[in-house]
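Undergrad: Chains A and B, in that order, are what the protein sequence lines are. Each step along the first sequence adds one to the number in my numbering, with nothing skipped, and position 43 is 43. Each step along the second sequence adds one to the number in my numbering, with nothing skipped, and position 19 is 19.
Be aware that one or more of the hints could be misleading.
Unchecked claim - Taking lysine-lysine pairs in the PhoX-like style, the calculated list, with each CA pair at most 25 Å apart, reads:
| id | chain 1 | residue 1 | chain 2 | residue 2 |
| --- | --- | --- | --- | --- |
| 1 | B | LYS41 | A | LYS49 |
| 2 | B | LYS15 | B | LYS78 |
| 3 | A | LYS49 | B | LYS44 |
| 4 | A | LYS68 | A | LYS49 |
| 5 | B | LYS44 | B | LYS78 |
As the list claims (entries may be wrong) - Pair by pair, the computed Cβ-Cβ distance ranges are:
| id | chain 1 | residue 1 | chain 2 | residue 2 | range |
| --- | --- | --- | --- | --- | --- |
| 6 | A | ARG69 | B | PRO81 | 44 to 52 Å |
| 7 | A | LEU56 | B | THR70 | 42 to 50 Å |
| 8 | B | LYS54 | A | THR5 | 23 to 31 Å |
| 9 | A | LYS68 | B | VAL38 | 28 to 36 Å |
| 10 | A | GLU15 | B | VAL38 | 30 to 38 Å |
| 11 | A | GLY16 | B | THR70 | 48 to 56 Å |
| 12 | A | SER70 | B | ARG64 | 43 to 51 Å |
| 13 | B | VAL98 | A | LYS68 | 20 to 28 Å |
| 14 | B | SER53 | A | PRO79 | 40 to 48 Å |
| 15 | B | GLU14 | A | GLY62 | 43 to 51 Å |
| 16 | A | THR12 | B | ASN63 | 39 to 47 Å |
| 17 | B | VAL98 | A | SER3 | 17 to 25 Å |
| 18 | A | ILE60 | B | GLU52 | 30 to 38 Å |
| 19 | B | PRO61 | A | SER70 | 34 to 42 Å |
Note that these hints are calculated values from the structure, not bench results. Just so it is clear, CB atoms sit at the ideal spot from N, CA and C, and this is done for glycine as well.
So you can see what is in the structure, the chains are spelled out below.
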Amino acid sequence: AQSVTQPDIHITVSEGASLELRCNYSYGATPYLFWYVQSPGQGLQLLLKYFSGDTLVQGIKGFEAEFKRSQSSFNLRKPSVHWSDAAEYFCAAFIGGTASKLTFGTGTRLQVTL
Amino acid sequence: EAGVTQFPSHSVIEKGQTVTLRCDPISGHDNLYWYRRVMGKEIKFLLHFVKESKQDESGMPNNRFLAERTGGTYSTLKVQPAELEDSGVYFCASSQGVSETQYFGPGTRLLVL
Chain A
1 AQSVTQPDIH ITVSEGASLE LRCNYSYGAT PYLFWYVQSP GQGLQLLLKY
51 FSGDTLVQGI KGFEAEFKRS QSSFNLRKPS VHWSDAAEYF CAAFIGGTAS
101 KLTFGTGTRL QVTL
Chain B
1 EAGVTQFPSH SVIEKGQTVT LRCDPISGHD NLYWYRRVMG KEIKFLLHFV
51 KESKQDESGM PNNRFLAERT GGTYSTLKVQ PAELEDSGVY FCASSQGVSE
101 TQYFGPGTRL LVL
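Pulled out of the complex, with its shape left as it was, chain A reads as follows:
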């Protein structure tokens, strides 16, 4: 079955520290991959996406993600975290075509300490 896994439920980092959120997928073929963020009281905002091409993808708010086919991973990174990055982060995927429903990971809640 198709699945997306986010191994870390909760992560705490200090402001200014680097961040890496893990995401692994299990699909028969390479899916389209996404990272969304949900800040407190807000909806889901798209951070970045990977459809094809360059495996290092730049997104908004200084985030980037790297697609690694050999590891079935699409990890999200940020060199220096800001207190406003505290939120819940979701990795998601779909195959495309008629199967365009997104499959989400369980989410990683990021806490930022000052």
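Chain A is fixed; fit chain B onto it per the hints.
TA: Leaving out everything else, chain B in the frame of chain A:
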């Protein structure tokens, strides 16, 4: 350009009552999706409209849920009668093409007491 909007933002109802959620997609987006996040669980797909037609409703939990998209514009999701396990956040998303990025609304937080 306005994003995806959802109404209401919150709803508290008693078990057995009916609730209708509304979603207005981004203008021009033919594809509209409903998702749900039950407390402590992952966000799960409910159904997908292409214009006014249901493309995929494989995620609808049971026949207490009815989704419509008359005229291919806004969509409603009705829960009748509501049960305790229906509590959660209902998200709507839209996309221009079927294999394109989905943009999400703020969600409707439903609490069934």
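Undergrad: Each hint should be assessed against the structure and marked as holding or not.
TA: Hint-by-hint comparison with the structure:
Proposed proximity of LYS41 (chain B) and LYS49 (chain A) is supported: the alpha carbons are some 23 Å apart, at most 25 Å. With a C-alpha separation of about 14 Å, the suggested pair LYS15 (chain B) and LYS78 (chain B) falls inside the 25 Å cut-off, and the hint holds. For the hint pairing LYS49 (chain A) with LYS44 (chain B), the CA-to-CA distance comes to about 19 Å; that is within 25 Å, so the pair holds. Restraint check for LYS68 (chain A) and LYS49 (chain A): the C-alpha separation of about 14 Å stays at or below 25 Å, so the hint holds.
Taking the CA atoms of LYS44 (chain B) and LYS78 (chain B), the gap is about 17 Å. The hint holds against a cut of 25 Å. Checking the proposed 44 to 52 Å range against ARG69 (chain A) and PRO81 (chain B) shows it holds: the Cβ atoms sit about 47 Å from each other. Checking the proposed 42 to 50 Å range against LEU56 (chain A) and THR70 (chain B) shows it holds: the Cβ atoms sit about 44 Å from each other. Roughly 29 Å separates the CB atoms of LYS54 (chain B) and THR5 (chain A), a value that falls within the hinted 23 to 31 Å.
Range check, LYS68 (chain A) to VAL38 (chain B): about 31 Å between beta-carbon atoms, so the 28 to 36 Å window is met. About 32 Å separates the C-beta atoms of GLU15 (chain A) and VAL38 (chain B), a value consistent with the hinted range of 30 to 38 Å. Distance hint for GLY16 (chain A) and THR70 (chain B): a CB-CB separation of about 51 Å, consistent with the stated range 48 to 56 Å. In this structure, SER70 (chain A) and ARG64 (chain B) meet the distance hint of 43 to 51 Å, their C-beta atoms being roughly 44 Å apart.
The hinted window of 20 to 28 Å between VAL98 (chain B) and LYS68 (chain A) holds, with their beta carbons roughly 27 Å apart. A C-beta distance of roughly 45 Å is found between SER53 (chain B) and PRO79 (chain A), which places it inside the suggested range of 40 to 48 Å. Judged by the Cβ atoms, the range 43 to 51 Å given for GLU14 (chain B) and GLY62 (chain A) holds: they are separated by roughly 45 Å. One distance hint, 39 to 47 Å for the beta-carbon pair THR12 (chain A) and ASN63 (chain B), holds here, with the actual separation near 43 Å.
Hint check: VAL98 (chain B) to SER3 (chain A), Cβ distance near 22 Å, so the stated range 17 to 25 Å holds. Separation of ILE60 (chain A) from GLU52 (chain B) is about 33 Å and conforms to the stated range, judged on CB atoms against 30 to 38 Å. Our hint of 34 to 42 Å for PRO61 (chain B) and SER70 (chain A) holds, since their Cβ atoms are close to 37 Å apart.
Every hint from the earlier list agrees with this structure, and none is contradicted.
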